[in-house]
Amino acid sequence: AQSVTQLDSQVPVFEEAPVELRCNYSSSVSVYLFWYVQYPNQGLQLLLKYLSGSTLVKGINGFEAEFNKSQTSFHLRKPSVHISDTAEYFCAVSSSNTGKLIFGQGTTLQVKP
Amino acid sequence: EAGVTQSPTHLIKTRGQQATLRCSPISGHTSVYWYQQALGLGLQFLLWYDEGEERNRGNFPPRFSGRQFPNYSSELNVNALELEDSALYLCASSAFNQPQHFGDGTRLSIL
Chain L
904 AQSVTQLDSQ VPVFEEAPVE LRCNYSSSVS VYLFWYVQYP NQGLQLLLKY LSGSTLVKGI
964 NGFEAEFNKS QTSFHLRKPS VHISDTAEYF CAVSSSNTGK LIFGQGTTLQ VKP
Chain P
976 EAGVTQSPTH LIKTRGQQAT LRCSPISGHT SVYWYQQALG LGLQFLLWYD EGEERNRGNF
1036 PPRFSGRQFP NYSSELNVNA LELEDSALYL CASSAFNQPQ HFGDGTRLSI L
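Read top to bottom, the protein sequences are chains L and P.
Quick note: to get the working numbering, add 903 to the position in the first sequence (first position is 1).
Quick note: to get the working numbering, add 975 to the position in the second sequence (first position is 1).
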């Protein structure tokens, strides 16, 4: 069985500071990993994905994530956040042939001026 | 390019009624997925349709059902509505072996 744990439910940070949102996963098979962002009253927007290849993945809006197989982690980072980054962030895992994404519980990023 | 579109945006029903939610995928995508985002329960996988066939189903009772049409659009039907069915229902679509892209959801409220 697969599962995803987002280690922080809320992360407060000041504008222009760096941020890391932590995600650990468990799976007995090869996985694909994703980060999605959800703004209030909206659906999910894909930030970035790891399917294979380079373990450092760059996404939209200046976000990046590093796949660490030995630590089964896929942490999301941004060197300098903006007020507009305030949102809910979801880490997700999937494997081929199931179709389904398994999501973590989400991390609320609160960027303060 | 138009994204995933869902209708209606909001839907209000009473207990015991039936609800029908609709989803149009991104052009060229053949797979459609449904998820439930309920308060306190997070995002839960409901159904996966591909090429008109149901390919996988999450841990939901049979009163949650759906179908995919020849133009790849999809609808989700929920029968005998219960209070705990109140949630945001998200539809996603994808091309073969590609990431899923989500719509803005239908908020279903059960009174």
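Keep in mind the hints are simulated off the structure, nothing from the lab.
Don't take every hint at face value.
[Unchecked claim] A short, non-exhaustive set of chain L residues, derived as facing chain P with CB atoms under 10 Å: (1) R925; (2) S931; (3) Y935; (4) G1007.
If you're wondering where the values come from, they're calculated on a predicted model, not measured in any experiment.
Even glycine gets a Cβ: it sits at the ideal position worked out from N, Cα and C.
Any hints from earlier that this structure breaks? Give me their numbers in increasing order, please.
-> 1, 2
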